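Enquirer: Heads up, the sequence shown is in full-length UniProt numbering, so the first residue is 1 and it goes up one at a time.
Wrong hints could be hidden among the right ones.
What the hints assert, rightly or not - Calculated lysine to aspartate or glutamate pairs in the EDC-like style (CA-CA distance at most 16 Å, straight line): (1) K347 / E309; (2) K27 / D87; (3) K347 / E285; (4) K60 / D75; (5) K59 / E71; (6) K295 / E234; (7) K97 / D74; (8) K169 / D87; (9) K58 / E71; (10) K384 / E285; (11) K384 / E234; (12) K27 / E148; (13) K258 / E309; (14) K295 / E309; (15) K223 / E234; (16) K60 / D74.
Think of the hints as simulated: they come from the structure by calculation, not from any bench. Being a predicted model, the structure only gives us computed values, none of them experimental.
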Amino acid sequence: MDYSVYPRNDVLCIDMRSFYASIECVKRSQDPQTALLAVVGDTSRRGSIVLAASPSLKKKYGISNVSRFFELPDDPDLIIAPAHMRDYLEVSVEISKMIKNFVPEEAIHIYSVDELWVTVNGLKKLYGSPDDIAKMIQSRIREQFGIECVIGIGDNKFLAKVVMDIHAKKASNGIAECRYEDVEEMLWPCNIHDIWGIGSRMTRNLNRMGILNLGQLARHPLKYLKKNYGIMGEQLYWHAWGVDLSPVYGDFVKTEQKSYGHGITLLRDYQKEEIFACLLDLCEEACRRARHDGKEGRTVHLGIGYSTETGGGFSRSMSVQTPTNVTMDVYNICLRLFHRFYNGESKIRRASVALTGLGEEMDVQLSLFDDRPRRKDIGVVMDKIRDQYGSTALLRASSYTSGGITLERSKKIGGHYA
């Protein structure tokens, strides 16, 4: 592979180790590296997921972020910390602000609440080599926030991310570097399941083709990967050679909105009669966001998942001639889809509503036979009240029934308590 034709950058991928658990340890004046602490999504539910475990808890008991509350050990030294998502978001923002002291904002690409890329091109005279910069940032995060981090360094985002996942997390100093010339030695022996961007389903597909590691993927003919997997197959091939042309500078926050939707996994199984209040709340929130951005949609999607007793469910959509962001319009379409495809007996555990086929909001055409302008005005007034006084300042009566979800969701950020 002739790498001379591909761009070379100095990209760092920074991952905060046991981020949620470390923050909870610092709040309690505990050492994140030695304390036994688990962050639980909802301590009132024994089946709630463990969102994060401290390094010592992981090592001693094998607890991970797929464990459940009831699986935690009976250890007198164990600290159970309820999740506080607002705290985690605030620390994440402060870490980003700190990094902006060294690089411009357009050089930072936030990937998640605890992970980001930073492009440090042209900073050698100021701060030294990329490795020196990684050590400096690592030290600042430790001193300022009490949190350990691991950092991967590469010519592009893919290399920085993968070397961080595979090598930096095992390195004694938490830093690893992989350049184009290092791909064959450092990455090709790795199992494809360990490579960022290759999920379990793709792993099974590739394994059936005799592809077990990244080196075998790189040597597989590109034409067959494209034939079997299209553009995804082509991306996998170039990633196997360490090539990634995604931008390392820019505005990584603003993206074109393609849909407005909300979904929820319910805390218990819902009967048929209860789901209607839930669907109305989901429609309300989706349409509120669309109205806020001045958008309307032509297609309504409804997804229903049944309880584990029966399994299954359905996902269906319906398009309308006149675009809308009126809550009751979308809700009525959801009801039509529900009554048409619901099997009539299964209990319900998941529900989602989405509005797609978006366009700019248009003036409502008056009609003698339709009160749509009035319904649209009601929605706008409700939005203004909620914007000024909070999301629960004005609710429909159905939100207070056993099937309503808005009150409970208002206490959460990202599905977990704030």
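Enquirer: Compare the structure with each hint and give your call.
Expert: So, going through the hints one by one against the coordinates:
1. K347 / E309: It holds: about 8 Å lies between the C-alpha atoms, which stays within 16 Å.
2. K27 / D87: holds, 10 Å
3. K347 / E285: At roughly 24 Å apart (the allowed maximum being 16 Å), E285 and K347 break the hint.
4. K60 / D75: Given that 16 Å is the threshold and the Cα spacing comes to 11 Å, the pair holds.
5. K59 / E71: The given pair, whose Cα atoms are some 15 Å apart, holds under the 16 Å limit.
6. K295 / E234: Roughly 35 Å separates the two Cα atoms, so the pair is violated.
7. K97 / D74: violated, 39 Å
8. K169 / D87: Given pair K169, D87 is violated - Cα atoms ~25 Å apart, limit 16 Å.
9. K58 / E71: holds, 13 Å
10. K384 / E285: holds, 13 Å
11. K384 / E234: violated, 48 Å
12. K27 / E148: holds, 15 Å
13. K258 / E309: Not satisfied, since the Cα-Cα distance of roughly 34 Å exceeds 16 Å.
14. K295 / E309: violated, 39 Å
15. K223 / E234: holds, 8 Å
16. K60 / D74: Holds: K60 and D74 sit about 13 Å apart, inside 16 Å.
Checked against the numbered hints given earlier, the structure breaks hints 3, 6, 7, 8, 11, 13, 14 and satisfies all the rest.
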